[in-house]
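Undergrad: Chain residues, written in single-letter form:
Number of protein chains: 2
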Amino acid sequence: MSDADFTSTRLFVDGPLTEGTIVPLRPDQRNYLKNVLRFSDGGALRVFDGRSGEWRARYHDRGKRDAEVTVEAQMRPQPAAGDLWYLFAPLKHARLDYMVQKATEMGVSRLMPVTTHHTQVHRLNLDRMRANAIEAAEQCGVLSVPDIAEPMKLGAVLHAWQPSRRLIFCDEGAVLADPLATLATVPRGPLAVLVGPEGGFDAAERRQLAAAPFTTVLTLGPRILRADTAAVAALALVQASCGDWRGFSA
Amino acid sequence: MSDADFTSTRLFVDGPLTEGTIVPLRPDQRNYLKNVLRFSDGGALRVFDGRSGEWRARYHDRGKRDAEVTVEAQMRPQPAAGDLWYLFAPLKHARLDYMVQKATEMGVSRLMPVTTHHTQVHRLNLDRMRANAIEAAEQCGVLSVPDIAEPMKLGAVLHAWQPSRRLIFCDEGAVLADPLATLATVPRGPLAVLVGPEGGFDAAERRQLAAAPFTTVLTLGPRILRADTAAVAALALVQASCGDWRGFSA
Chain A
841 MSDADFTSTR LFVDGPLTEG TIVPLRPDQR NYLKNVLRFS DGGALRVFDG RSGEWRARYH
901 DRGKRDAEVT VEAQMRPQPA AGDLWYLFAP LKHARLDYMV QKATEMGVSR LMPVTTHHTQ
961 VHRLNLDRMR ANAIEAAEQC GVLSVPDIAE PMKLGAVLHA WQPSRRLIFC DEGAVLADPL
1021 ATLATVPRGP LAVLVGPEGG FDAAERRQLA AAPFTTVLTL GPRILRADTA AVAALALVQA
1081 SCGDWRGFSA
Chain B
841 MSDADFTSTR LFVDGPLTEG TIVPLRPDQR NYLKNVLRFS DGGALRVFDG RSGEWRARYH
901 DRGKRDAEVT VEAQMRPQPA AGDLWYLFAP LKHARLDYMV QKATEMGVSR LMPVTTHHTQ
961 VHRLNLDRMR ANAIEAAEQC GVLSVPDIAE PMKLGAVLHA WQPSRRLIFC DEGAVLADPL
1021 ATLATVPRGP LAVLVGPEGG FDAAERRQLA AAPFTTVLTL GPRILRADTA AVAALALVQA
1081 SCGDWRGFSA
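Respectively, the protein sequence lines represent chains A and B. All residue numbers for the first sequence refer to the working numbering, where the first residue is 841 and numbers rise by one. All residue numbers for the second sequence refer to the working numbering, where the first residue is 841 and numbers rise by one.
Simulated from the structure, these hints should not be mistaken for lab results. There are no misleading hints in this set.
Computed cross-link-like contacts, BS3-like style, restricted to lysine-lysine with a CA-CA straight-line distance of at most 30 Å:
no., chain 1, residue 1, chain 2, residue 2
1, B, K904, B, K874
2, A, K932, B, K874
3, A, K932, B, K932
4, A, K874, B, K932
5, A, K993, A, K932
6, B, K932, B, K993
7, A, K874, A, K904
When you get a sec, could you build the whole thing from the sequences and use the hints?
TA: What follows is the structure, encoded as structure tokens:
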């Protein structure tokens, strides 16, 4: 692998990272670089730890089982941390993997599983969610891996909510003349987006959400969207209206 | 299966449909209803043909190999046809399936594969794309299945373009202070959205797109999105700004 190729390989590693840091690799990371990507000793890649920015590094084999990377130079500084939570009713296996990956690509800073009346999945593998978030960050050049919160019931989430954070919830049953005009009324500050289960919120949940002083209702058009589609669609509208898609410099 | 359950089963069938129409089922449709969903004779479902609206119907076995549905009553009229084309550089297998499903959910009326300099997939199975569009329409309550166009090269697409249709293209390299303000300038009329390949457009393609009098450039934030994520994100912004997410009645 030539240096020209190194831009395509990104690895999330333990930090902090600075020039000269040596990071031991886990067996799965070593296997991925050595056996899947066919890295040879000295091969170049990019590494990040979620807070030190992105660094050029070199792969080194150390004996039969061990390997490490040596950190060389910073390629990108750590961007200002976004502050956008994504709350969702858990889905089953492959579609949950997909939703976690997509939310990470869309720049959320925290993933919060919430249990609702119509939620169909109650046992969650948080390690698997974290692995999916890391994989998406590695593939898409995202430098911050979202936190994964412990699952909570919707009622408890709302009860403990800090009202300074606006909670934008997607309601299939609502009708808005102009969803973007609604989002334009959202005050500046920390945000959260909530997408419900595929059966929707029940009547009591909708009442509770609508009555809370920190919520804004959002609609996603006349068609029913699957939850993973709704995740990307809602986050796109929120990022473009109130988030970091405005006035960024590429 | 009780009548109460029939709302969850939707089948795309050959039309036109009206009260009393008898539609023979294909072997795969019969197998799906009879062996996967365990339909018994007289079981209720919904059928649609992409232009006659949605109808309640009954499943009937006809001997060892044949089955049909009898159309009873219309549940929903056919909605006004949207007019939103989605142009995209083809992806590989599973991710192409996914993108076609997502674009259908988002309400596009035509799927147009376009070949660009960095496009990695050149052989396309259009039947498979159509099957994915139908599956998404069945699952998500969409009553119009998008047309699938034959693949064309980007240059030929632009050359043959009718300038009355605005082409909104997503450019990772562009910077917009406010993507929604840009979309607000799009004239009313037929629309198309173009998402490029994961390597992006090349310099000549970007010049050609930017120079065309019928194009509007759109950005999707500071992170690189995978093409299937970009599809949903771009279509969400366009539907909310200029499409049928405004002022719909649920």
